[in-house]
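In case you want the letters, here they are:
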Amino acid sequence: EPEVTQTPSHQVTQMGQEVILRCVPISNHLYFYWYRQILGQKVEFLVSFYNNEISEKSEIFDDQFSVERPDGSNFTLKIRSTKLEDSAMYFCASSPSNTDTQYFGPGTRLTVL
Amino acid sequence: AQTVTQSQPEMSVQEAETVTLSCTYDTSESDYYLFWYKQPPSRQMILVIRQEAYKQQNATENRFSVNFQKAAKSFSLKISDSQLGDAAMYFCAYMTTDSWGKLQFGAGTQVVVTP
Chain R
1 EPEVTQTPSH
11 QVTQMGQEVI
21 LRCVPISNHL
31 YFYWYRQILG
41 QKVEFLVSFY
51 NNEISEKSEI
61 FDDQFSVERP
71 DGSNFTLKIR
81 STKLEDSAMY
91 FCASSPSNTD
101 TQYFGPGTRL
111 TVL
Chain P
1 AQTVTQSQPE
11 MSVQEAETVT
21 LSCTYDTSES
31 DYYLFWYKQP
41 PSRQMILVIR
51 QEAYKQQNAT
61 ENRFSVNFQK
71 AAKSFSLKIS
81 DSQLGDAAMY
91 FCAYMTTDSW
101 GKLQFGAGTQ
111 VVVTP
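Protein chains in written order, with this note's numbering: chain R, 1 to 113; chain P, 1 to 115.
Please note: incorrect hints may appear among the correct ones.
Sample of chain P residues lacking proximity to chain R, with all beta carbon distances greater than 12 Å (derived) [stated by the list, open to error]:
#	residue
1	T24
2	Q57
3	S74
4	T114
Below, computed lysine-lysine pairings styled on DSSO-like, alpha-carbon distance capped at 30 Å [stated by the list, open to error]:
#	chain 1	residue 1	chain 2	residue 2
5	P	K78	R	K42
6	P	K73	R	K57
7	R	K57	P	K55
8	R	K42	R	K83
9	R	K83	R	K57
10	R	K78	R	K42
11	R	K57	P	K70
12	R	K42	P	K70
13	P	K70	P	K55
14	P	K78	P	K55
15	R	K42	R	K57
16	R	K78	R	K57
17	P	K55	P	K73
18	R	K42	P	K73
19	R	K42	P	K55
Residues from chain R that face chain P, not an exhaustive set, calculated with beta carbons under 8 Å [stated by the list, open to error]:
#	residue
20	Y33
21	K42
22	V43
23	F45
24	E56
25	M89
26	N98
27	G107
It is worth saying that the hints were derived from the structure and are not from the lab. Beta carbons are placed, not taken as given, at the ideal position from N, Cα and C, and that holds for glycine.
Input sequences plus hints: build the corresponding full structure.
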């Protein structure tokens with residue numbers, strides 16, 4: 001069964017550093033998403049992406065964040081200058097359309113020191 | 001703004017018994033989607049069940065079923081014949097038809113299954 005994959009599974013970085021989290025969505029899906037979950041809290045929407053453009057973003061997704069689909073398979077989330085409060089689990093998801101079920105990757109745990 | 005409320009931080013159930021998790025949501029939309037996702041200790045988010053608001057029939061997926069009460073804006077999940085593998089955090093989620101796939105999650109309910 002096709003699945004969403006994410007790398008790395010765990011990333012440790014120093015405050016102020018840039019990080020890139022990578023995702024490979026399911027191959028025939030057209031919509032891509034990033035969510036984050038701070039430990040012990042609810043899952044929060046960050047951004048949705050379709051046709052090489054951001055379609056919707058939350059207030060969390062400020063200028064420090066960017067997304068890109070650099071080729072036909074990868075979907076990346078970049079955090080330009082990490083803060084302590086960016087420490088969280090980051091989930092990528094994909095779906096065939098914006099109303100279909102979203103399938104989540106296993107997550108990347110980001111730790112900012 | 002839409003909000004999703006899960007009022008039970010934790011529910012405990014014995015193996016083979018039934019447990020019901022509650023979820024309420026606030027919306028002015030008439031058409032939307034509701035989901036239950038399961039998050040085991042691995043923290044992977046796994047779809048349990050999906051319900052379209054325009055469908056009156058409650059969704060069922062093997063031992064998992066929902067009680068969707070549109071007028072009351074309630075969407076509870078029933079787990080029948082509970083198994084040890086059902087132990088996880090369960091999140092209720094809401095999505096409008098005119099959003100770009102933005103899922104809004106509740107705070108979650110931790111299900112503990114005892115032998």
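Now the hints, each set against the structure:
no. : hint          : verdict
1   : T24           : holds (15 Å)
2   : Q57           : holds (18 Å)
3   : S74           : holds (19 Å)
4   : T114          : holds (23 Å)
5   : K78/P - K42/R : holds (21 Å)
6   : K73/P - K57/R : holds (26 Å)
7   : K57/R - K55/P : holds (29 Å)
8   : K42/R - K83/R : holds (20 Å)
9   : K83/R - K57/R : holds (19 Å)
10  : K78/R - K42/R : holds (22 Å)
11  : K57/R - K70/P : holds (28 Å)
12  : K42/R - K70/P : holds (24 Å)
13  : K70/P - K55/P : holds (10 Å)
14  : K78/P - K55/P : holds (18 Å)
15  : K42/R - K57/R : holds (17 Å)
16  : K78/R - K57/R : holds (14 Å)
17  : K55/P - K73/P : holds (14 Å)
18  : K42/R - K73/P : holds (20 Å)
19  : K42/R - K55/P : holds (27 Å)
20  : Y33           : holds (6 Å)
21  : K42           : holds (5 Å)
22  : V43           : holds (4 Å)
23  : F45           : holds (5 Å)
24  : E56           : holds (4 Å)
25  : M89           : holds (6 Å)
26  : N98           : holds (4 Å)
27  : G107          : holds (5 Å)
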